[in-house]
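> What follows is the residue order along each chain.
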Amino acid sequence: MIFSLALRSLGNRRSTALLTVAAIAVSVALLLGVQKMRTAARESFANTVSGVDLIVGARSGQLNLLLYSVFRVGDATANVSWESYQKIARHPDVAWTIPISLGDSHRGFRVLGTTNDYFRHYHYAGERALVFTEGKPFAALYDVVLGADVARALGYRLGSEVVVAHGLGNVSFALHKDKPFRVVGILAPTGTPVDRTVHVPLEAITAIHQDFQGASQPAIGARIGASAAREQVDLTPQSITAFMVGMRSKVMTFTMQRAINEYRSEPLLAIIPGVALTQLWNLVGIADTALMVIAGFVVLAGLLGMLTAILTSLNERRREMAILRSVGARPRHIFTLLVTEAGLLAASGVLAGVALCYGLLFAAAPLLERHYGLVLPLTGLSTQDAALLGAIVVAGLFMGSWPAWRAYRNTLSDGLTLRV
Amino acid sequence: MTAAIHARELTYAWPNKPALLDVRDFRIERGERVFLRGPSGSGKSTLLGLLGGVLEPDSGHIELAGTDITPLSASARDRFRGDHLGFIFQMFNLIPYLGVLDNVVLPARFSAARAARVPNGDLEGEARRLLDALGLGARDIASRPVTELSIGQQQRVAAARALLGKPEIIIADEPTSSLDADARTDFLNLLMRECGTQGATLLFVSHDLALGGLFDRTVQLAQINRALEVAA
Ligand SMILES: Nc1ncnc2c1ncn2[C@@H]1O[C@H](COP(=O)(O)OP(=O)(O)O)[C@@H](O)[C@H]1O
Ligand SMILES: [Mg+2]
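Those protein sequence lines, which keep their order, are chains R and F.
1 is the number of the first residue of the first sequence in this note's numbering; add one for each residue after it.
1 is the number of the first residue of the second sequence in this note's numbering; add one for each residue after it.
In case anyone wonders, no lab produced these hints; they're calculated from the structure.
Be a bit skeptical, because a hint or two may be false.
Claimed, not checked - Computed from the model, here is a short list of chain R residues facing chain F with C-beta under 8 Å:
id	residue
1	1
2	6
3	8
4	12
5	15
6	19
7	319
8	320
9	323
Backbone N, C-alpha and C fix where the C-beta goes; we use that ideal spot for every residue, glycine too.
Let the hints inform the model, and build the full structure from the sequences given.
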């Protein structure tokens, strides 16, 4: 009864009601969107690398190792000797390893020397393996496989020639011009730093550094040509930057980690990527909490708009309240009527907001995945989301109880004397 | 037989104002049609608020159709009002967002007793019958938004609402003050006739002397209100 009155009363003030609902809807969509993005970002962050049990590098900080080996940020302070790498790689508990050699760049993108095991074993977002949109893994020494962003940003296709710069500067004067690489594969977007990486065979890194002693140009005449470098007997590197380890059995991971950290002949550090990623996220996550707080305030603004709309309508509705009283409505009916109106506005705002948010996500999901590799899980509302939305409706009811209380008081003092 | 309305030793003053009403004995018999007259601001509407149980007297008793409502709780008085009284006000009587029919059946939504007194429980049929009796028979009236009705039509809809579910007492607070002279007598005649049909008691309040002749009895508020004498 009161409910249908509330509905029709809102219907009568359609435009105000719609605007109020729209304001709440937009704010709720924002809040929910931030919440979804946050979850997606956290997940995709945690999913930057998966299936790798340990990452091993020279002894430094856990975050430092994670940053340069996975995110290609910063530099290694020291390398891992080839002997140590081989020793660990051949350990019976180790299923596979991915060597990583960093230090060069190509037009702002990091160059990573590795083996085809990289394409076989590197996983991200849980079960996802690296996929070639075009081409295939390394077959020859000067083959290069590009991450999706690199290929797109630089407009490279299969067969394009790539010249690797020595060092990390964007415009490096020391170009390995004499040893051009050829693009043999392009990877699908992953939403991970893989997209921004230029992959070359590990041996190629050795080859292009054959005539480099340190970062200075070799003396003219002392250069070794591309074919000569290729024919060089041994391109096995002396050292690598880091390597990733997959264990035969997960339960052996901790034992292996301890063994590596206590390795005598060389100071090494082994980290478990998941643990290190969580630690890193805790650092980065502050920003997204801030975003959430802002979205919360926007919702508050939406609800305040509703409060304003209801409060301003109160005076012109005093007569309506007196009429309802005259036909037997009690003051608590008046109170309920106004709280119900607030609840209806808040609830429709929340529903419309959810619809709006999902509509936008549906529209944006393919774009985000294609361009940024960010996978938005189009899942239903989590219990946490539902609790959040429920809290908004409850907050709306609470806010509505203020004008309702005022109407209640008015109705007691006005009686039936309808003074205008 | 008890009276329809019986007020005894009734006093009332608005907060922080001098005594407005002091009624020793005011009695209206069942089925009587009484015209209560008094100048603007003399306390007529306040008296109706007391009779309707919306206001609580400072002292005294009000008996309506045999029930003393003064000892009742506020919500019991609200229920009593919904069950036994029909109100018509000067203007803006209708809920703007409800249609004509919904406005008329409104009392039955708040009072089960009023709904129960509608023949066969056919609220809409009864509403149409009342509208018809009050000269709003044209079929399209019922479906129009109330805001599109003339003031005269609105007052008739309000009268139909007051009469729905056969309340014992109809209280009309200057319902004709916004109408022109012709509409005024038309409205009054129809209202009186329908009150007669239903056997309802009518207490009609106005400051307009000219209407007095149509009623069983005319009462000056000054005659029954001792507070006014003192003030004057
Ligand atoms: N809700 C109210 N609060 C305070 N004073 C009121 C209220 N309603 C009426 N009054 C006062 O009571 C007096 C009588 O008003 P009212 O009963 O409306 O007279 P009438 O209906 O005869 O014109 C006036 O002086 C008015 O100011
Ligand atoms: Mg009055």
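> If a hint holds in the structure, say so; if it doesn't, say that too.
Each hint tested on the structure:
Annotation: interface hint on residue 1(R) holds; nearest CB of chain F at approximately 5 Å, less than 8 Å. Look at residue 6(R): its Cβ only gets to about 10 Å from chain F, farther than 8 Å, so that hint breaks. For residue 8(R), the shortest C-beta to C-beta distance to chain F is roughly 5 Å, which falls under 8 Å, so the interface hint holds. Look at residue 12(R): its Cβ gets to within about 3 Å of chain F, closer than 8 Å, so that hint holds up.
With a least beta-carbon distance of about 14 Å to chain F, the hint placing residue 15(R) at the interface is violated under the 8 Å criterion. Using the Cβ-Cβ criterion of 8 Å, the hint placing residue 19(R) at the interface with chain F is not satisfied: the shortest such distance is roughly 17 Å. For residue 319(R), the interface hint holds, the least distance from its beta-carbon to any beta-carbon of chain F being 5 Å, beneath 8 Å. Of the supplied interface hints, the one on residue 320(R) holds, with its beta-carbon coming within about 6 Å of a beta-carbon of chain F, less than 8 Å.
A hinted interface residue such as residue 323(R) counts as satisfied when its beta carbon comes closer than 8 Å to some beta carbon of chain F; here the least separation is about 6 Å, so the hint holds.
Checked against the numbered hints above, the structure violates hints 2, 5 and 6; every other hint is satisfied.
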